[in-house]
Amino acid sequence: MTTALVEALSLSVMFGLRPVLTEVNLKLERGRAAVITGANGAGKSTLVHALCGLIGLSAGQARMFGQDIRRLRADDRRRVGVTLHRSMLYLNLTARENLEFYAKLNACQKPSEQAARWLERLGLGAVAEQRARDLSRGMEQRLALARAMIGEPELVLFDEPFASLDRQGAAVVGELIQELLARGGAALLTSHEPLTVKGAEPENYQLVSGRLLPAAAQPSRRTAWRWMLT
Amino acid sequence: MLTGFCALLHKDLTLERRGGRVVIELCVLSLLVLVVLVVAYGPETGGRPESAAGALWVALILSGLPGASLAVAAEHENDCLTGLRLSPLEPATIYAAKVAAVALSMAVSQAATLLLLVLFFNLQFDLNLLRLIPILLLGTLGLCALSTLLGTITSRLRAGEMLLALLTAPLYVPELIAGVKASAAVLSGASLAAVVLPLKILAACDLLFVVCGYLLFEYLAG
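If you read the sequences in order, they're chains A and B.
Numbered by the numbering used here, the letters in the first sequence go through residues 1 to 230 in order.
Numbered by the numbering used here, the letters in the second sequence go through residues 1001 to 1222 in order.
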């Protein structure tokens, strides 16, 4: 039996007395992608936060690599990449310095070279010496994606990864996900619009009022993101 | 662990070098405190070691609290603390690096404060000042350890700086008393051997604050 890279077992989250996630069950194995769609406020970001252990659960369990998320070892945290709404970048550091810093935290070999490689990969070579504060929203989002990927994680949780990205940026993200799945990793994406993942058959879910349900239908070509169709 | 600690410390010092916010604010606050106190004391009491020691520690605590608050608040900008929590770093390492960064910034401002103290309080520039260094280092470490830990909670709140002062000051009182006593004695010409008890109190409080921070940071930052 293969161990799921990420798993939610009857996971529930309440903010005060208000239930935000109710009895969420999810399992993502190697080489698989899951897309969770939902309206604004449906609980997508809360689910990502809960799976990462950033917020407390009112019931249930979140597991990564077979371990309870609260007891995840440092070595295993290195195997996870996360993008959230906020970029988690230091605004007074340059794009290169930000990536070098996160490369060092992830104990990457040759952090400078890794940072340069990921800057080029995300099309940020020309702005490498610009402070994150001076980057456009789309550029900051690309840098945040590079930050999440720099440790070559096996599992990546993308919270609205295509927000603010142009066609080219979205295409690069598509390639990154494909490569991740090809090397046996797993990706969990959230979006308020349906997505398809090129070269993979993602498990599609909908979050409705905090409950995770199988998506009713595959996304139509009209609603699918541009990078998926090219 | 050491790589992560060094990376965090290097990042904090780079940000400080670039912005200079903490050191500049600490120096300006120290200057203001010393000016106010030297005017309040007047020329007669101003030259006494007890007055100088009191002024030094008032400057230390009043400038140190906003310094720690600023340093911790920097991690909340753009949710960077979440980035650190998601990294493989142990929370205790994050805490240790933050304390080290705040302590280094505070040490720079204290060097400036000490020079201003010599000028304003008409002290002799001699060996007595060097004897102050271990006392100040112990006091700084305790203040940084305590205020960084408490600043982790208060920096997310409205009126966080005021709350930080309210929480930190009572807990720091033992160090404050020991520090003032030891500094006054040393400025009067006593050797360090004569102030062993206050030094022990400072060291014991430092140990307590550092261990508490090391153990509790994980829960308070979450």
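Careful: at least some of the hints might be erroneous.
Some chain B residues judged to face chain A by a derived CB distance under 7 Å, without partners named [to be verified]:
1. G1004
2. T1082
3. G1083
4. R1158
Label-pair restraints from in silico Cβ distances [what the hints assert, rightly or not]:
5. K1200(B) / T3(A): 51 to 57 Å
6. V1173(B) / R117(A): 49 to 55 Å
7. E1218(B) / G66(A): 37 to 43 Å
Far from chain B, some chain A residues (derived; all Cβ distances over 12 Å) [claimed, not checked]:
8. A39
9. G60
10. R77
11. G81
12. L91
13. E100
14. Y102
15. A103
16. N106
17. P111
18. G184
19. A200
These are calculated hints, taken from the structure and not from any lab test.
C-beta: ideal position from N, C-alpha, C; glycine also.
What are the numbers of the hints that this structure violates, sorted from low to high? Numbers 4, 7, 10, 11, 12, 13, 14, 15, 16, 17 - these are the hints that the structure violates, sorted from lowest upward.
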